[in-house]
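Residue numbers (the working numbering), protein chains in the order written: chain A, 1 to 390; chain B, 391 to 676.
There may be inaccurate statements among the hints.
Unchecked claim - DEER-style ranges, computed between Cβ atoms: (1) B:PRO514 to A:ASP247: 47 to 57 Å; (2) A:ARG390 to B:ALA457: 52 to 62 Å; (3) B:PRO447 to A:ASP247: 31 to 41 Å; (4) A:GLN90 to B:GLU541: 35 to 45 Å; (5) B:LEU453 to A:ARG285: 47 to 57 Å; (6) A:LYS301 to B:PRO447: 32 to 42 Å; (7) A:ALA303 to B:GLY644: 41 to 51 Å; (8) B:ALA489 to A:ARG118: 30 to 40 Å; (9) A:ALA94 to B:GLU541: 52 to 62 Å.
None of these hints come from the bench; they were simulated from the model. Ideal placement from N, C-alpha and C gives every residue a C-beta, glycine not left out.
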Amino acid sequence: MRHLVQAIALACCSVLATAGSSAMAQETVRIGWLSSLTGPLSSAAIAENQGVVFAVDEINKAGGILGRKVELLTRDTAGDPVKAVNLAQQLVFADKAQFIIGPVNSGEALATVPSLARAGIPNIIIGSLDELTNPAKYPLAFRTINTNTQWIAAANAYAIDVLKRRKVAIIGDTSGYGTASAKAAAALLAKAGITPVYSVLVDPNKTDLTDEMTKARAAGADVVMPWSAATGLCARLLNTRGDMGWDVPIVGHPSVMALPLKALLNKPSYWGNTFAAGYVSTTYRDGKLPERTQALMDAVKPALGGEIGFTFWWVALGYDSMKLVVYAATKADSLDPQKIKDALEHTSDYAGVYGTYSWSPTEHNGFPDSGMAMDSADTFNEGSYQAAPR
Amino acid sequence: MLSVIVSGLAVGAVYVITALIYNLMYSTSKVLSVTTGHICMLGGVFGAWFTTVLGWPVLPALLGAVAIGTLFGVVTELVAVRRVLARSDEHLWLLSTLALATMTQQAVGLWWGTEPRRFPRVIPQDFSHGAADQKFWLPIGVMVVAALGLELFYRRTMWGKLFQATSEDAFAARARGISTDRVRMMSYAISGALGGLGGFAAGQLTFAYFALGLTLTLNGFIAIAVGGLGSSVGALVGGLALGLLSAFATYLFGGEFQQTIAVGLLMLVLLIRPEGLFGARGVRAV
Numbered sequence: 001m002r003h004l005v006q007a008i009a010l011a012c013c014s015v016l017a018t019a020g021s022s023a024m025a026q027e028t029v030r031i032g033w034l035s036s037l038t039g040p041l042s043s044a045a046i047a048e049n050q051g052v053v054f055a056v057d058e059i060n061k062a063g064g065i066l067g068r069k070v071e072l073l074t075r076d077t078a079g080d081p082v083k084a085v086n087l088a089q090q091l092v093f094a095d096k097a098q099f100i101i102g103p104v105n106s107g108e109a110l111a112t113v114p115s116l117a118r119a120g121i122p123n124i125i126i127g128s129l130d131e132l133t134n135p136a137k138y139p140l141a142f143r144t145i146n147t148n149t150q151w152i153a154a155a156n157a158y159a160i161d162v163l164k165r166r167k168v169a170i171i172g173d174t175s176g177y178g179t180a181s182a183k184a185a186a187a188l189l190a191k192a193g194i195t196p197v198y199s200v201l202v203d204p205n206k207t208d209l210t211d212e213m214t215k216a217r218a219a220g221a222d223v224v225m226p227w228s229a230a231t232g233l234c235a236r237l238l239n240t241r242g243d244m245g246w247d248v249p250i251v252g253h254p255s256v257m258a259l260p261l262k263a264l265l266n267k268p269s270y271w272g273n274t275f276a277a278g279y280v281s282t283t284y285r286d287g288k289l290p291e292r293t294q295a296l297m298d299a300v301k302p303a304l305g306g307e308i309g310f311t312f313w314w315v316a317l318g319y320d321s322m323k324l325v326v327y328a329a330t331k332a333d334s335l336d337p338q339k340i341k342d343a344l345e346h347t348s349d350y351a352g353v354y355g356t357y358s359w360s361p362t363e364h365n366g367f368p369d370s371g372m373a374m375d376s377a378d379t380f381n382e383g384s385y386q387a388a389p390r
Numbered sequence: 391m392l393s394v395i396v397s398g399l400a401v402g403a404v405y406v407i408t409a410l411i412y413n414l415m416y417s418t419s420k421v422l423s424v425t426t427g428h429i430c431m432l433g434g435v436f437g438a439w440f441t442t443v444l445g446w447p448v449l450p451a452l453l454g455a456v457a458i459g460t461l462f463g464v465v466t467e468l469v470a471v472r473r474v475l476a477r478s479d480e481h482l483w484l485l486s487t488l489a490l491a492t493m494t495q496q497a498v499g500l501w502w503g504t505e506p507r508r509f510p511r512v513i514p515q516d517f518s519h520g521a522a523d524q525k526f527w528l529p530i531g532v533m534v535v536a537a538l539g540l541e542l543f544y545r546r547t548m549w550g551k552l553f554q555a556t557s558e559d560a561f562a563a564r565a566r567g568i569s570t571d572r573v574r575m576m577s578y579a580i581s582g583a584l585g586g587l588g589g590f591a592a593g594q595l596t597f598a599y600f601a602l603g604l605t606l607t608l609n610g611f612i613a614i615a616v617g618g619l620g621s622s623v624g625a626l627v628g629g630l631a632l633g634l635l636s637a638f639a640t641y642l643f644g645g646e647f648q649q650t651i652a653v654g655l656l657m658l659v660l661l662i663r664p665e666g667l668f669g670a671r672g673v674r675a676v
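Whenever a hint applies, use it, and build me the whole structure from the sequences.
If you want it as structure tokens, here you go:
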């Protein structure tokens, strides 16, 4: 009898404890943030994290989401897809996250997006690989960042239509991203009736690119288009061009204008005549940035020590992705995933900092082509760039 | 074509240096430490830190990088090798050295950053020399000096003979009064110094990059497996062959075949000569 009483008492305690923790969970909106804050791909993630954290502070000061404070559950994936999947599962099943933002890198997102779709959790995608969104397969995945195709199309258009170059050399790296991008770039060029005069994939850690650049020049290339996210490889490409004394324009991936690259150049002048796909939101026009970008920059700057030493669009993207959760929940007046989906699928011209977004039932890529810009790489100024000459 | 050869030789020279470090460590401990490439990485990162951040002149920075490498070699021996060898005959050193290598890489990534960073010019020279640039010739020069120096060390010095005695039969060496623990510690210290020097010399080629270690560990292992474990000539031939093959594979077929060629070479040699091109064939007394 005594054992029975003890068992009942224990059961009551368990029920009360569970109810208590549920009540605690109900007090906040739990948002999972999968970010590679350490590891080989951390630069962009650290900047994005600044935007996410700043947005959460702003949201909570303004009363939270539907009257509930936001609880940010940051998980460091270290750039490892396996870790990313495990952390995504942990966020969904153990931490009971109601939204997931990330992961930051496409390689990790390829692994997490299907599992989050199965779990039925709304997922804000900030990886650029085109395959990451598919309204039929991943109905709750919505992208804020541009697609890889948008980067490539912007760079191709600049090389062909503005610089009037037709003899293209494509240099990609052997990573999954580099290989896919180089192929996509060649396919898009083919649609414009251009066959690259030279195309090659190189190891991202290759120590010297003299052969590749010599071959590109021998093939008659009048523009070199690198498709690699590896800063070291991009720096070696620019150094080789400079050391060769070849004045061919380099047009391609945003990595060619990343600030860490500057320190790897043999001479600062090697960064000239280099252009990359960027954004209207972080491109100076007549010496000024768009109003929303400037406002965010002014607000964030004190927290960054008064100086912005990385590309600011990452901060804006992180900020927008978090703010989008507020927008969707407010519009849906609910945290129910299906209602969130409906709200986002009927969103047109939602004004963020990084871009102005629209999603529909058939299109889960929200960033518009009109938000893309081409920038001059060597004009870095407080995280933004001057527009490439036209 | 000249640039393919020179860049292949330069990269191969870094593999040779890594392979020589493998040999040195293996000779006294029979351990193939996963930290081997990380020693070179530390030489490059600390060399860049001393010069570009602390503003040290080249020579003190070089000595500093060598000192850091030596210290890391000693730490490897103390933390990941000595205690494991004392407690087990199994190959648990693989796990302990892998753990130390991983922790080291993560720590450097957190401190130094995960983007490659600039390594300064060691000798005043502008950037217009093409294949004669110091970034190619410095690692090649260090490779030659290291290979010759180690041969002289083994043949002409008492410590070198102690290394060989320990390598031949550690039990017999101990019975003859040789402190094999001290010999092993010395071999790891010399390995660390060589790695620090090699990493510093290759810094302009590789940049100061936290993730370089594992690449060198893998390619250095391929070089030593192809050339033959325990042979300096094997390390030279294996490392240079790997560097040149990788360079020519990329030149002729594209970078996507570079690793395939490297691992293919390893498989081919292991099939034909499992002991490596210059390795001693294992003979078991019956």
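Structure-based check of each hint:
1. B:PRO514 to A:ASP247: 47 to 57 Å: violated, 26 Å
2. A:ARG390 to B:ALA457: 52 to 62 Å: Holds: the Cβ-Cβ distance is about 54 Å, inside 52 to 62 Å.
3. B:PRO447 to A:ASP247: 31 to 41 Å: Taking Cβ atoms as reference, PRO447 (chain B) and ASP247 (chain A) lie about 35 Å apart, which means the hint holds.
4. A:GLN90 to B:GLU541: 35 to 45 Å: violated, 55 Å
5. B:LEU453 to A:ARG285: 47 to 57 Å: Between LEU453 (chain B) and ARG285 (chain A), where Cβ atoms are some 52 Å apart, the hint holds.
6. A:LYS301 to B:PRO447: 32 to 42 Å: Check passed, 37 Å falls within 32 to 42 Å.
7. A:ALA303 to B:GLY644: 41 to 51 Å: 45 Å Cβ-Cβ, so the 41 to 51 Å window holds.
8. B:ALA489 to A:ARG118: 30 to 40 Å: At 34 Å between Cβs, range holds.
9. A:ALA94 to B:GLU541: 52 to 62 Å: Because 59 Å falls inside the window, the suggested range holds.
Violation of the numbered hints given earlier is confined to hints 1, 4; the remaining hints are satisfied by the structure.
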